[in-house]
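Asker: Please put together the full structure from these sequences, using the hints given.
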Amino acid sequence: MRSTPPAVRARALRWALLLAVAVVVLVVVWHLGETAAYAAPVGPEDPEPPIAPTPVPQGVTVDINGINGGPSTSILVLLGITVLSVAPALLLMMSSYTKIFVVLAMTRNALSLPTIPPNPVLAGLALFLSLFIMWPVLVDINTLAVQPYVDGTLTFAQAIDVAQVPLREWMLHYTREEDLALMTRVAGLPNPEDPQTVRCTR
Numbered sequence: 002m003r004s005t006p007p008a009v010r011a012r013a014l015r016w017a018l019l020l021a022v023a024v025v026v027l028v029v030v031w032h033l034g035e036t037a038a039y040a041a042p043v044g045p046e047d048p049e050p051p052i053a054p055t056p057v058p059q060g061v062t063v064d065i066n067g068i069n070g071g072p073s074t075s076i077l078v079l080l081g082i083t084v085l086s087v088a089p090a091l092l093l094m095m096s097s098y099t100k101i102f103v104v105l106a107m108t109r110n111a112l113s114l115p116t117i118p119p120n121p122v123l124a125g126l127a128l129f130l131s132l133f134i135m136w137p138v139l140v141d142i143n144t145l146a147v148q149p150y151v152d153g154t155l156t157f158a159q160a161i162d163v164a165q166v167p168l169r170e171w172m173l174h175y176t177r178e179e180d181l182a183l184m185t186r187v188a189g190l191p192n193p194e195d196p197q198t199v200r201c202t203r
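Take 2 as the starting number for the sequence shown in the numbering used here and just add one per residue.
In case anyone wonders, no lab produced these hints; they're calculated from the structure.
Each hint should be verified, as a subset may be incorrect.
[What the hints assert, rightly or not] FRET-style restraints, in silico, Cβ to Cβ:
#	residue 1	residue 2	range
1	Pro51	Leu27	45 to 51 Å
2	Gln159	Pro115	46 to 52 Å
3	Pro51	Leu139	54 to 60 Å
4	Thr108	Arg177	21 to 27 Å
Note that the Cβ used here is the ideal one computed from N, Cα and C, for glycine as well.
Answerer: Encoded structure:
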C-alpha cells in the first residue's frame, strides 16, 4: 500500500479548509437573508412629552428625617454607631457603674482576695447592677424620646430635649451639692440656686 505524498495531503487539506469556510459564509448569508425577509418595517414613534423640571431649593438644607416624617435608615445606623462608640464614656460618667465597680473592688481587697473574683467578673456584675438600677430611667427615655422619634412624631432636637429630663433628674438625685458647687466654681460660674437651674456649659 502506497502512502500519499505530503504535497498531495497539504493540497487536499487546503481545499477542505476553503470548502468549510465557503459553507460557513453561505450559511451566514442565508440566515441574514431569512431574517431580513421576515423583518417587519418599524414606523416612527411619537416623541414622549417633556418632563417638568423639579424646583431646586434655595440654599443648603440638612434634613435627617425621611419622606414620611420618620428618621431615615442611614441616620438611625449613624446614631447607633455613634452611641456604640461613646458607650464606655456614657457608662462611666452617667450611670452607677463606676461606684458599683469601686465598691466591689474595695470589698474584694478587704477580704484579702486581690484576684478572686477577677476584674472581668466585677465588671460584669457592675454592668448588670447598673442596668438593674437604671432600668426605670432607660424605660422612660425609650418611651418618651426614642420611640416617638422613630415613629416620626418628634424631631431629633425635641427627642434630645425630652430624653435628657429623666436622666438629668436621676443624676441630680445622686449628686451631692458640694460636687455641683465644686464644678461650677472650676467653670467660673455662680452656684446654682436650685437643682432646676443646673445646666451644662457649652
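Asker: None of the hints should be skipped; say for each whether it holds.
Answerer: For each hint, the structure was consulted:
no.	hint	result
1	Pro51 - Leu27: 45 to 51 Å	holds, 50 Å
2	Gln159 - Pro115: 46 to 52 Å	holds, 49 Å
3	Pro51 - Leu139: 54 to 60 Å	holds, 55 Å
4	Thr108 - Arg177: 21 to 27 Å	holds, 22 Å
Of the numbered hints given earlier, the model fails none.
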